[in-house]
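Protein chains in written order, with this note's numbering: chain A, 1 to 331; chain B, 1 to 331; chain C, 1 to 328; chain D, 1 to 328.
In silico SDA-like pairs for lysine to any residue, Cα to Cα no more than 20 Å straight-line:
1. Lys310(D) to Ile43(B)
2. Lys310(D) to Val316(B)
3. Lys289(D) to Gly258(C)
4. Lys190(A) to Val138(B)
Some chain B residues close to chain D (C-beta under 8 Å, calculated; not the full set):
5. Gly120
6. Ala152
7. Asn155
8. Lys190
9. Gly256
10. Trp313
11. Pro314
12. Val316
13. Val323
Chain B regions said to be covered by chain A (calculated; three or more residues, Cβ under 8 Å):
14. 157-163
15. 191-198
16. 201-212
Everything labelled a hint here was simulated from the structure, so no lab data went into it. Note that beta-carbon positions come from the ideal geometry of N, C-alpha and C, so glycine has one too.
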Amino acid sequence: MTDSTTGQPDKAVLIDMYSKMSLIKQNDEHARKLLMSGRLPMIYYSPRGQEVIPSAVSVNLNQDDYICTIYRGTHDMLAKGVPLDALWAELAGRATGTCKGKGGPMHITHPESGCMITTGIVGSSMPIANGLALASQVKGDGKVTVAYFGDAASNIGAFHEALNMASVWKLPVVFVCQNNRFGEHTRFEKATAVGKVSDRAASYSMPGIHVDGNDPLAMHAAAKEAIDRARNGGGPTLIEAMTFRFYGHVFGDADGYMDKAEKEAAMAADPVPRYRQWLIDQGHASEADLGAIDAGHEVNIKSAIDKALDAPWPDVSELYKDVFINDLAAV
Amino acid sequence: MTDSTTGQPDKAVLIDMYSKMSLIKQNDEHARKLLMSGRLPMIYYSPRGQEVIPSAVSVNLNQDDYICTIYRGTHDMLAKGVPLDALWAELAGRATGTCKGKGGPMHITHPESGCMITTGIVGSSMPIANGLALASQVKGDGKVTVAYFGDAASNIGAFHEALNMASVWKLPVVFVCQNNRFGEHTRFEKATAVGKVSDRAASYSMPGIHVDGNDPLAMHAAAKEAIDRARNGGGPTLIEAMTFRFYGHVFGDADGYMDKAEKEAAMAADPVPRYRQWLIDQGHASEADLGAIDAGHEVNIKSAIDKALDAPWPDVSELYKDVFINDLAAV
Amino acid sequence: MSKQITTLQAINEAMHHAMAADPTVMLFGEDVADPEEGGVNGASKGLSTKFGDLRVRSTPISEQAIIGAAIGAAMAGMRPVAEIMLMNFMTVAMDMITNHAAKLRFMSGGQTAVPLTIRCTTGAGFGTAGQHSDFLEAWFAHTAGLKVVTGASPAEVSGLLNSCIFDDDPCIFIENLPAYWQKGDAPTDPGARIPLGVARIARPGDDVTVITYGPQVAVAQAAAETMAAEGVGVQVIDLRTIVPWDRETVLNAVAKTGRAVVTHEAVKAFGVGAEISSVIHEELFSDLKAAVQRVGAPSCAVPYSNPLEKAFVPDADKVLAAIRKTLN
Amino acid sequence: MSKQITTLQAINEAMHHAMAADPTVMLFGEDVADPEEGGVNGASKGLSTKFGDLRVRSTPISEQAIIGAAIGAAMAGMRPVAEIMLMNFMTVAMDMITNHAAKLRFMSGGQTAVPLTIRCTTGAGFGTAGQHSDFLEAWFAHTAGLKVVTGASPAEVSGLLNSCIFDDDPCIFIENLPAYWQKGDAPTDPGARIPLGVARIARPGDDVTVITYGPQVAVAQAAAETMAAEGVGVQVIDLRTIVPWDRETVLNAVAKTGRAVVTHEAVKAFGVGAEISSVIHEELFSDLKAAVQRVGAPSCAVPYSNPLEKAFVPDADKVLAAIRKTLN
Ligand SMILES: Cc1ncc(C[n+]2csc(CCOP(=O)(O)OP(=O)(O)O)c2C)c(N)n1
Ligand SMILES: Cc1ncc(C[n+]2csc(CCOP(=O)(O)OP(=O)(O)O)c2C)c(N)n1
Ligand SMILES: [Mg+2]
Ligand SMILES: [Mg+2]
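Using the sequences and the hints given, assemble the complete structure.
So, in structure tokens, the structure goes:
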């Protein structure tokens with residue numbers, strides 16, 4: 001998969017990464033368009049600008065490896081393989097959704113593709129990721145678990161407890177901090193008493209990697225190193241992947257707290273077209289190859305949205321189901 | 001107070017430190033004797049062996065500076081000046097206790113001497129210490145707050161959140177970790193993914209000091225540096241003071257999990273008589289001087305215990321008082 | 001007609017008034033300062049600019065540290081308002097709130113007090129689902145030492161928030177997210193206080209008493225309208241303060257009507273309604289013409305899907321059904 | 001007479017049996033492994049030696065990480081038992097327990113399950129005061145998705161713990177600290193299971209029904225003895241499972257006696273007793289001869305001083321007074 005001298009992944013992997021990035025980007029564009037149109041009101045945290053990170057991580061994972069992600073994690077889900085149809089049906093709150101419409105955007109779950117939990121609570125992906133990794137350690141099933149979280153989540157207690165425990169127990173887990181420079185409206189520096197989140201790895205005697213999360217090759221190398229280490233019994237790694245969110249915290253965010261120039265610069269350096277161009281320039285793919293990938297995604301996304309909006313709503317009796325393994329009596 | 005070339009505190013301070021250590025040691029001996037006798041059943045966490053730390057800290061504090069301590073903190077309280085009579089009455093659960101008998105050993109509070117809270121929850125002294133320090137910062141009253149906690153508490157979320165916030169806000173607070181090598185029955189190394197707690201200060205861009213907490217001069221210097229910094233607007237410090245608890249986690253602890261040789265070595269290096277001898281050897285005090293100090297404490301402790309055991313119990317109506325500022329109706 | 005303002009404006013004006021009136025009032029929470037837009041919903045807009053960074057601070061995402069800082073500051077003589085963005089995030093700080101804020105006065109024998117106010121918001125209606133919409137007032141009500149307060153209109157929210165800020169005990173102040181943008185009469189004065197522990201008769205009526213609070217007051221009033229058309233007088237009591245709750249007003253009212261319904265948006269099972277219902281039965285057993293009925297959400301997480309979310313939140317129909325049950 | 005064992009032994013033997021029977025059963029918590037003496041009270045002695053360090057682990061003091069690890073492991077097919085040393089320390093992990101463990105099955109539409117058991121202990125009697133003795137079952141009972149279980153004797157504890165471990169939902173298993181060293185009949189088999197949701201008639205009686213659980217079962221039985229001497233038959237029901245509670249057994253019993261008392265050691269206000277009382281009133285309004293009475297602790301933190309602590313915990317006298325109230 002990776003050239004042993006350059007460390008560069010082979011062509012198939014390079015293209016696979018692009019395909020994931022393209023899927024995420026286009027999916028996000030559709031989501032925002034749909035929201036704008038008013039056809040689907042939902043709470044939506046755009047991951048646009050952060051496509052590279054999970055794409056580079058996921059090409060190093062097997063389908064049955066686990067991820068734990070957060071409210072912003074549509075990119076993490078798609079990169080890991082959560083199918084568009086079930087995802088969109090869930091976003092639309094339909095019975096055909098991943099979670100029968102009961103979880104919604106902040107709680108997408110799809111164990112078949114390894115997406116074990118999406119949490120809406122800052123920091124809570126990490127302790128639970130430890131548990132999945134712990135099960136793998138006990139069973140010896142060789143799986144790796146990735147916990148995604150944001151920069152601001154590195155200030156909450158769960159981060160500290162989880163990283164300490166993962167290190168003490170040498171769990172096969174990778175902590176991937178997507179540092180997009182903001183937690184809601186608060187700048188990273190204003191809330192965080194350390195310059196680099198990755199430096200906090202030292203508190204847990206854990207390797208810490210600081211990487212440009214918008215650079216596909218660098219991100220791939222970082223992810224590969226960490227995932228290989230976890231898989232080979234070397235324990236956890238903290239990766240801080242630097243990136244930027246293009247569309248603020250949540251859909252509708254007025255951006256008043258952001259520096260316009262900083263934002264424009266980040267958007268001008270959009271990692272998806274940049275990587276696309278690089279693939280062509282390097283001769284890894286032709287414009288036509290990539291165009292076909294993009295077009296394929298376009299068709300699938302549109303179709304998923306159309307199907308979702310046509311799908312049946314869940315029945316009200318669902319309120320009494322899945323609370324426990326046995327249905328509740330409706331008292 | 002301190003010699004500017006040697007950094008050594010002057011004689012009065014050296015003797016004051018000894019007096020505090022002697023008080024703590026003798027108080028503990030009485031407490032354990034009383035427990036053994038069955039005359040006062042109570043939950044008791046002996047701080048024997050850790051006398052130096054709060055003694056060296058407290059001589060650098062003013063009466064109206066604040067401390068937040070934990071269930072094991074009798075030494076911290078006595079060093080800060082909590083009076084013996086009210087303390088013992090509280091331990092005995094009497095109406096004349098610091099807390100009218102309602103708090104007990106794990107919740108001694110005495111704002112008059114700056115002892116603002118004793119918590120039974122591991123880690124919780126730190127976030128609250130921040131708040132006291134925050135009030136000082138806002139009021140500009142020049143006070144410093146010290147948060148005491150154990151080595152094992154450095155693995156809980158509250159530690160992380162509190163140190164990050166204290167650093168971001170440059171609060172006048174000193175975090176004093178008393179590393180006695182165990183959290184209940186678990187060895188420090190088994191639970192903690194870093195060799196030195198003080199190294200975790202780097203995660204918060206905060207000075208971290210690793211010091212022999214059983215060495216009075218070293219501990220004094222560390223405390224002075226940190227307290228001066230806090231008082232002068234330089235923000236928080238994390239001090240890790242190495243020590244050992246002689247009598248296990250809680251009174252009655254069978255010690256089965258401890259290494260006997262390690263324990264014996266620590267007890268053989270008892271810091272109180274060692275410092276006593278040093279004071280005499282260096283000519284800072286005579287045997288008679290120190291004997292008089294010891295004897296004075298002995299009288300006061302005995303008297304406090306006698307008074308406590310003779311004091312009235314609180315009335316049952318106390319259940320309905322101090323819940324809110326206005327008494328509850330007994331429903 | 002008096003000036004109309006939104007609940008957010010009411011909160012904002014009350015906070016401005018309180019901070020101007022008393023230099024010990026502080027505010028901290030995630031994004032609350034002006035560089036962060038004065039809160040994600042703008043509730044605290046203008047405060048940091050006016051009262052400075054020392055007294056108004058955006059915090060790291062660290063709920064334990066936020067509440068801890070509020071507790072310590074309160075013990076040292078400040079009157080902090082700590083904002084926890086959503087009520088579900090209180091779960092992260094439950095040790096601070098229930099083992100510390102609630103207990104320090106009692107455990108210290110009255111030596112220390114914790115006059116802090118924790119503002120939080122919650123409520124279904126926006127599809128934020130299982131981890132962003134819970135009403136957890138029953139937990140706090142069961143925790144001795146906390147006052148638990150919620151308002152049902154902009155003026156009520158303002159008057160009650162003012163009382164919480166200047167109360168000498170820790171107050172949990174629960175706001176309702178969908179109500180933030182609803183308008184109502186402005187308070188006569190942004191500093192006006194509505195005393196804690198005193199319920200309000202939101203609507204008179206002689207036949208059945210509905211006891212509720214927060215967003216369910218409007219639901220109960222809608223149900224009362226319907227019953228009025230059928231000739232049944234439904235009295236609606238807005239508790240305002242869940243702890244301490246106004247037993248006298250409630251028991252006097254039900255002693256007259258002999259029929260009562262309690263409703264809240266929180267899960268019905270083991271909810272606040274159970275306490276109110278039990279006390280009414282205990283105190284008025286022989287006066288009651290029917291068992292007290294309770295209305296609340298079913299025992300599940302708040303669901304995402306719109307029809308499920310609608311079915312989850314008690315509506316006027318459910319309150320009506322309960323009222324009718326007391327009439328049979 | 002059958003073999004007598006302490007509650008601690010019962011727990012220990014049940015854990016040994018469960019771990020031997022099913023390789024997916026794990027245990028972690030502070031000090032639980034043998035180098036740390038198998039728990040501060042020795043409840044898990046021998047387990048790590050027998051089943052190895054992979055399956056039995058002493059943890060850092062990190063309750064969020066402990067519960068998080070248990071949740072994740074449970075989602076991946078294990079049956080973890082997580083020990084939280086004392087119930088008050090659950091407050092530190094409330095997000096993990098209530099936003100995650102309780103909700104993941106529902107929020108995932110049934111795709112993920114969290115078959116974990118959280119063992120914790122609590123209870124007044126040893127002077128551990130405000131932060132070490134709270135009964136918080138009402139919080140968990142109000143949280144949809146959690147089962148809440150507690151046993152009143154060594155054999156009951158054993159049988160119920162076995163059921164929790166092998167249940168497919170998250171269970172909060174509440175132990176009582178003073179009861180750890182009390183002896184009782186050993187279970188017939190350390191693997192025997194007592195089904196969840198089925199109450200037990202701890203003592204028959206025709207005149208008044210006392211509904212309770214945990215340490216208050218013995219208190220209720222003592223009160224029943226006294227009443228028997230006065231010719232009043234008091235039936236004692238041990239709920240065993242607080243969620244889901246056995247409505248059928250309770251309602252059938254009270255339908256016959258027409259008089260009921262609910263008692264628990266937790267604070268009375270907004271406690272579990274309120275739910276039981278409300279449901280009895282709702283379902284049996286016309287059958288009741290008197291209002292259901294509730295007994296519980298006063299609304300304060302658990303006090304330290306011995307006479308205060310004694311007055312805090314409901315005793316037989318308080319239960320007797322409540323029983324007598326139903327007879328007037
Ligand atoms: C415990 C908790 N506190 C607060 C929130 C509200 N909240 C949601 S997202 C967010 C910002 C998180 O920032 P970061 O971790 O950097 O992730 P990002 O959103 O930038 O991807 C906050 C404060 C929450 N969901 N959970
Ligand atoms: C949150 C929490 N978890 C667990 C406990 C139980 N407990 C009490 S003391 C203690 C050990 C603490 O060790 P350390 O912090 O090193 O302090 P030391 O007792 O050694 O002074 C534990 C686990 C607690 N009180 N609070
Ligand atoms: Mg961020
Ligand atoms: Mg220790």
